[in-house]
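Visitor: Chain by chain, the residues:
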Amino acid sequence: MKAVELRGISKRFGDVVALDNVDFSVEVGEVHGLLGENGAGKTTLMNILYGLYKPDSGKIFIMGEEVKISSPLDSIRLGIGMIHQISTLVPEFTVIENIVLGDKSLGTFKFDVKLARKKVKELADSIGFELPFDKKVKELPPGVKQKTEIVRALYREAKILILDEPTAYLVGDEFDQLLRAINILKEKGVTIIFITHKIREVFQACDRVTVLKGGKVQGSLDVRKASEDELVSLMFEGQKIEVTDSALPKMILEDVEKTESPILKMVNVSTNVPNLKNLKNVNLEVYGGEILGIAGISGHGQKLLTEVVVNPNLLHSGDILINGKSIKGRSTVDILKSGVFFTPEDRVLEGTLPTASIYKNIFLGHHREGRFLKGKSVVIWKKVRSISRDLIKLFRVKTPNEVIEIRKLSGGNMQKVIFARAFLNPIDLLVTHNPTAGLDMASVKFVFEKLLEMRKSRKAVLYINEDLDELMAVSDRIAVIRNGQIVKVFQRKEFNKREIGKYMAGVVE
Amino acid sequence: MNALDEIVRSIVTYMPIYTLSGLGIVIGGRAGIFNISGEGAMMAAASAGYLSAVFMGNWYVGFLISMAMGALFGLLLEFLHEEMKVNQFIAGIALVIFGTGLSDFIYKLVVGIKFYIPDAPPTPEIKIMPDIPILSAFFNQNIVVYFTYISVIAAYYIMYKTRIGIEHRAVGEDPRAADVVGINVKMVRYLATIIGSAFIGAAGGYLPLVITGTYTPGIASGRGFIAVGIAIFASWRPERTFLGAILFATIEAIALQMQVSEIGVPYQFLLMLPFVSLLLVMALFKGKIEHPSSLGKPYSRE
Numbered sequence: 001m002k003a004v005e006l007r008g009i010s011k012r013f014g015d016v017v018a019l020d021n022v023d024f025s026v027e028v029g030e031v032h033g034l035l036g037e038n039g040a041g042k043t044t045l046m047n048i049l050y051g052l053y054k055p056d057s058g059k060i061f062i063m064g065e066e067v068k069i070s071s072p073l074d075s076i077r078l079g080i081g082m083i084h085q086i087s088t089l090v091p092e093f094t095v096i097e098n099i100v101l102g103d104k105s106l107g108t109f110k111f112d113v114k115l116a117r118k119k120v121k122e123l124a125d126s127i128g129f130e131l132p133f134d135k136k137v138k139e140l141p142p143g144v145k146q147k148t149e150i151v152r153a154l155y156r157e158a159k160i161l162i163l164d165e166p167t168a169y170l171v172g173d174e175f176d177q178l179l180r181a182i183n184i185l186k187e188k189g190v191t192i193i194f195i196t197h198k199i200r201e202v203f204q205a206c207d208r209v210t211v212l213k214g215g216k217v218q219g220s221l222d223v224r225k226a227s228e229d230e231l232v233s234l235m236f237e238g239q240k241i242e243v244t245d246s247a248l249p250k251m252i253l254e255d256v257e258k259t260e261s262p263i264l265k266m267v268n269v270s271t272n273v274p275n276l277k278n279l280k281n282v283n284l285e286v287y288g289g290e291i292l293g294i295a296g297i298s299g300h301g302q303k304l305l306t307e308v309v310v311n312p313n314l315l316h317s318g319d320i321l322i323n324g325k326s327i328k329g330r331s332t333v334d335i336l337k338s339g340v341f342f343t344p345e346d347r348v349l350e351g352t353l354p355t356a357s358i359y360k361n362i363f364l365g366h367h368r369e370g371r372f373l374k375g376k377s378v379v380i381w382k383k384v385r386s387i388s389r390d391l392i393k394l395f396r397v398k399t400p401n402e403v404i405e406i407r408k409l410s411g412g413n414m415q416k417v418i419f420a421r422a423f424l425n426p427i428d429l430l431v432t433h434n435p436t437a438g439l440d441m442a443s444v445k446f447v448f449e450k451l452l453e454m455r456k457s458r459k460a461v462l463y464i465n466e467d468l469d470e471l472m473a474v475s476d477r478i479a480v481i482r483n484g485q486i487v488k489v490f491q492r493k494e495f496n497k498r499e500i501g502k503y504m505a506g507v508v509e
Numbered sequence: 001m002n003a004l005d006e007i008v009r010s011i012v013t014y015m016p017i018y019t020l021s022g023l024g025i026v027i028g029g030r031a032g033i034f035n036i037s038g039e040g041a042m043m044a045a046a047s048a049g050y051l052s053a054v055f056m057g058n059w060y061v062g063f064l065i066s067m068a069m070g071a072l073f074g075l076l077l078e079f080l081h082e083e084m085k086v087n088q089f090i091a092g093i094a095l096v097i098f099g100t101g102l103s104d105f106i107y108k109l110v111v112g113i114k115f116y117i118p119d120a121p122p123t124p125e126i127k128i129m130p131d132i133p134i135l136s137a138f139f140n141q142n143i144v145v146y147f148t149y150i151s152v153i154a155a156y157y158i159m160y161k162t163r164i165g166i167e168h169r170a171v172g173e174d175p176r177a178a179d180v181v182g183i184n185v186k187m188v189r190y191l192a193t194i195i196g197s198a199f200i201g202a203a204g205g206y207l208p209l210v211i212t213g214t215y216t217p218g219i220a221s222g223r224g225f226i227a228v229g230i231a232i233f234a235s236w237r238p239e240r241t242f243l244g245a246i247l248f249a250t251i252e253a254i255a256l257q258m259q260v261s262e263i264g265v266p267y268q269f270l271l272m273l274p275f276v277s278l279l280l281v282m283a284l285f286k287g288k289i290e291h292p293s294s295l296g297k298p299y300s301r302e
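Line by line, the protein sequences give chains S and R.
Residues in the first sequence are numbered consecutively from 1, following my numbering.
Residues in the second sequence are numbered consecutively from 1, following my numbering.
The reader is advised that the hints may include incorrect statements.
Claimed, not checked - Cross-link-like lysine-lysine pairs, in silico, DSSO-like; alpha carbons within 30 angstroms at most:
1) S/K408 <-> S/K393
2) R/K186 <-> R/K85
3) S/K136 <-> R/K108
4) S/K2 <-> S/K59
5) S/K456 <-> S/K198
6) R/K108 <-> S/K138
7) R/K286 <-> S/K138
8) R/K161 <-> S/K138
9) S/K59 <-> S/K119
10) S/K393 <-> S/K325
11) R/K288 <-> S/K104
12) S/K121 <-> R/K161
13) S/K104 <-> S/K258
14) S/K277 <-> R/K288
15) R/K127 <-> S/K138
16) S/K104 <-> S/K68
17) R/K286 <-> S/K54
18) R/K85 <-> S/K277
19) R/K108 <-> R/K127
20) S/K303 <-> S/K488
21) R/K286 <-> S/K280
22) S/K303 <-> R/K288
23) R/K288 <-> S/K138
24) S/K119 <-> R/K161
25) R/K286 <-> S/K135
26) S/K136 <-> R/K288
27) S/K325 <-> S/K277
28) S/K337 <-> S/K250
29) R/K161 <-> S/K59
30) S/K383 <-> S/K393
31) S/K382 <-> S/K393
32) S/K2 <-> S/K337
33) S/K59 <-> S/K258
For the record, the hints were derived by calculation from the structure and aren't laboratory data.
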């Protein structure tokens, strides 16, 4: 019997075809992988099943019966639960409040969580989860938030559970706990749809797998009979890229002689900024010819670690030296001029002017340079545009022209424009925060190549990423940041996902 | 003792203006709607409430019509925001201008230009206490004061102790989180804005129906904006809104007392007092103020 059957689902967002006539079905009681690279349409398809998006065409069948799902309320009633990649819990509410939120059986003018608490506790115990019921969700690490979301779905009696990239923020042994919970749920007859872009996880967790690419179904196979190569070729058909089992391009780190003295040196750096995780006595050195990766759970000080390098005002104590010169008392403009470039975490809002054109975004930050100016202040737009056109070609940005608003580009192409801006002038130090977030494989490869080019020309890269697989792919060393402190530095030969994860989660101090 | 009693009495009499309008803004804000249209809604409600009370010869009709007028403004605001995709603040400002114009327009349409302007019917009073000085000033009061007390307590109870209240706040904190558990975000936002604006309308109606007894152009005189300040100062909590309202009612009562006692302070200065106080309060409490996370932000699924 089919728990879920989607027939001929299509969905467009503006001019972009997200899903093209997709057929997808899941048998009762199986763990079904939905595999594809970023942008393949996995989440869009599941958001349609959950009632968050309206399909342009297509039919949905649940347990063999055709249904109309126009809101999450409909899907919850049909026994569908979804664990989103980005937490959908109310941060200001406690765990238990979040779990029972939306349950109308509690009564209209009552909110008695005491009764619910017992049921929730039993549910959590039955899949081996321990939850801090009375803690506010905003104080919890991502792994616990995810457990809360799973229990919430079970509380609403989900028989079909959608997990959207559930491993993205898990560290240490949290992945094992999740696998155990999945197995228990499977025994109870719950059907699970497991969205991922990592081939390895399909083999670890799934019975069957459906591969999506560019909004189309590439095929559906039995995992026991499938090989890694088969899945790779379905996922990346037509792209001549060698990939690893975590769906990353295979990169080779050549031997490069490091510079004698560090390009970036942070000495006892502490910050004191309200409402942000502050740095405490951070000591780091990045030499020319190396990529220093920073691993850590989001919100442990990464934001200030990147920003303090270009903004001396954030420095509370300690010092930062770039090419041996202190940044104290210097302006951001001066630091950037001395050969530093910074690409912020939020590519769209912090990294670009979303509604400005591509060429204006490339020009941004270079607007004081004499070569673009007539006299002191009149911009020679013709020159800006011609250089932008050259860069668009050089960086292979997919766009009809340079005047298009940058927000209309895909994430990968937007990142290419940001890198084009970074490399317009020669730089010694690149500080880059989550540059590959949400990018498809070809774009990830592009970013990695740029980082390795910096390395090869004996420049320094400070590379912050939440995804350990990606960090391990190109870093020479990985420093783990936790609570604003560097708790451990690993050399490339010591890289081990589980070990690094332990330090990230604070299991080992 | 008598003078103090007098002042306390006038503070309590002014209190409903700020409490009801502030509460109305808080109710919308807790669903994520930053309602700055209060000034306009109060004006229109004052005019409509006064006129209907006079012509029907019934105080209650006037008060209910002022609430209905407020509710209409809430409906308009949320309609502009939700269906027409107008920015909440722009829609709010537009409604302030609209309400200001509308109030004078309907007044002139109905009353015209006359030398004799009729008074609104007297406000029902409720006496539940013997005449103890000061304390009785809080209770032996007009009916709206009681309505205000009940509203604050009810709003607090509903927001924090009931399922619908938790869902209401969830929408204001994180509409996506509310949506995925099956809460109808749009409906909650409509209801909260309409009910909230009905309270703002009640505050508007209170001015001619209780305070002045008659309608005069510009009757809200900036109180609709002070109410926004109170909601912010109160961190969008009903019980703190009440405290903020007492503070501003006190300032207004003192300013009035100073005006009456002719101590030589120019009255323009006294008129300015509430606004200067608002700036001071904002500066003093900066950093201690919390907002619902989705306040002022539109929500759409795709």
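Visitor: Each of the hints needs a verdict: does it hold here or not?
Guide: Status of each hint after checking the structure:
A threshold of 30 angstroms between alpha carbons decides the hint, and for S/K408 with S/K393 the separation of about 18 angstroms falls inside it, so the pair holds. Simply put, R/K186 and R/K85 have alpha-carbon atoms about 13 angstroms apart, close enough for the 30 angstroms limit, and the pair holds. Distance hint between S/K136 and R/K108 is unfulfilled; the C-alpha atoms sit about 55 angstroms from each other, more than 30 angstroms. With a C-alpha separation of about 14 angstroms, the suggested pairing of S/K2 with S/K59 holds against the 30 angstroms cut-off.
Between S/K456 and S/K198 the alpha-carbon distance is near 28 angstroms, which keeps this suggested pair within the 30 angstroms criterion. Restraint check for R/K108 and S/K138: not satisfied, since their Cα atoms lie roughly 54 angstroms apart, outside the 30 angstroms limit. For the hint linking R/K286 to S/K138, the alpha-carbon distance of about 22 angstroms falls within 30 angstroms, and the restraint holds. Taken as a hint, the R/K161 and S/K138 pair is honoured in the structure, with Cα atoms around 21 angstroms apart against an allowance of 30 angstroms.
With a C-alpha separation of about 35 angstroms, the suggested pairing of S/K59 with S/K119 is violated against the 30 angstroms cut-off. With a CA separation close to 36 angstroms, the supplied pair S/K393 and S/K325 exceeds the 30 angstroms bound. The suggested pairing of R/K288 with S/K104 is violated, with an alpha-carbon distance near 34 angstroms, which exceeds 30 angstroms. Taking the CA atoms of S/K121 and R/K161, the gap is about 22 angstroms. The hint holds against a cut of 30 angstroms.
At roughly 63 angstroms between alpha-carbon atoms, S/K104 and S/K258 are farther apart than 30 angstroms, so this suggested pair is violated. The hinted pair formed by S/K277 and R/K288 meets the criterion: a straight-line CA distance of about 19 angstroms does not exceed 30 angstroms. Distance check on the hinted pair: R/K127 and S/K138 sit about 48 angstroms apart at the alpha-carbon level, beyond 30 angstroms; violated. For the suggested pair S/K104 and S/K68, the alpha carbons sit about 21 angstroms apart, so the restraint of at most 30 angstroms is met.
Simply put, R/K286 and S/K54 have alpha-carbon atoms about 43 angstroms apart, too far for the 30 angstroms limit, and the pair is violated. A threshold of 30 angstroms between alpha carbons decides the hint, and for R/K85 with S/K277 the separation of about 36 angstroms lies outside it, so the pair is violated. For the hint pairing R/K108 with R/K127, the CA-to-CA distance comes to about 37 angstroms; that exceeds 30 angstroms, so the pair is violated. A threshold of 30 angstroms between alpha carbons decides the hint, and for S/K303 with S/K488 the separation of about 18 angstroms falls inside it, so the pair holds.
For the proposed pair R/K286 and S/K280, the alpha carbon gap of about 27 angstroms is at most 30 angstroms, so the pair holds. Between the alpha carbons of S/K303 and R/K288 the distance comes to roughly 24 angstroms, so the proposed pair stays at or under 30 angstroms and holds. The straight-line distance between the Cα atoms of R/K288 and S/K138 is roughly 18 angstroms, inside the 30 angstroms bound, and the hint therefore holds. The hinted pair formed by S/K119 and R/K161 meets the criterion: a straight-line CA distance of about 20 angstroms does not exceed 30 angstroms.
Distance restraint check for R/K286 and S/K135: the Cα-Cα separation of roughly 26 angstroms lies within the 30 angstroms cut-off, and the hinted pair is therefore satisfied. Under the criterion of a C-alpha separation no larger than 30 angstroms, the hint pairing S/K136 with R/K288 is consistent with the structure, at around 19 angstroms. Note on S/K325 and S/K277: the hinted pairing holds, with a Cα-Cα distance of about 26 angstroms set against a maximum of 30 angstroms. Proposed proximity of S/K337 and S/K250 is contradicted: the alpha carbons are some 34 angstroms apart, above 30 angstroms.
Restraint check for R/K161 and S/K59: the C-alpha separation of about 41 angstroms exceeds 30 angstroms, so the hint is violated. Taking the CA atoms of S/K383 and S/K393, the gap is near 16 angstroms; set against the 30 angstroms cutoff, the hint holds. A hinted pair counts as satisfied when its Cα atoms are at most 30 angstroms apart, and S/K382 with S/K393 qualifies at roughly 17 angstroms. This hinted pair does not check out: S/K2 and S/K337 have alpha carbons roughly 61 angstroms apart, beyond 30 angstroms.
Among the hinted pairs, S/K59 with S/K258 is inconsistent with the structure: their alpha-carbon atoms are about 59 angstroms apart, more than 30 angstroms.
Consistency note: the structure conflicts with the earlier hints numbered 3, 6, 9, 10, 11, 13, 15, 17, 18, 19, 28, 29, 32 and 33.
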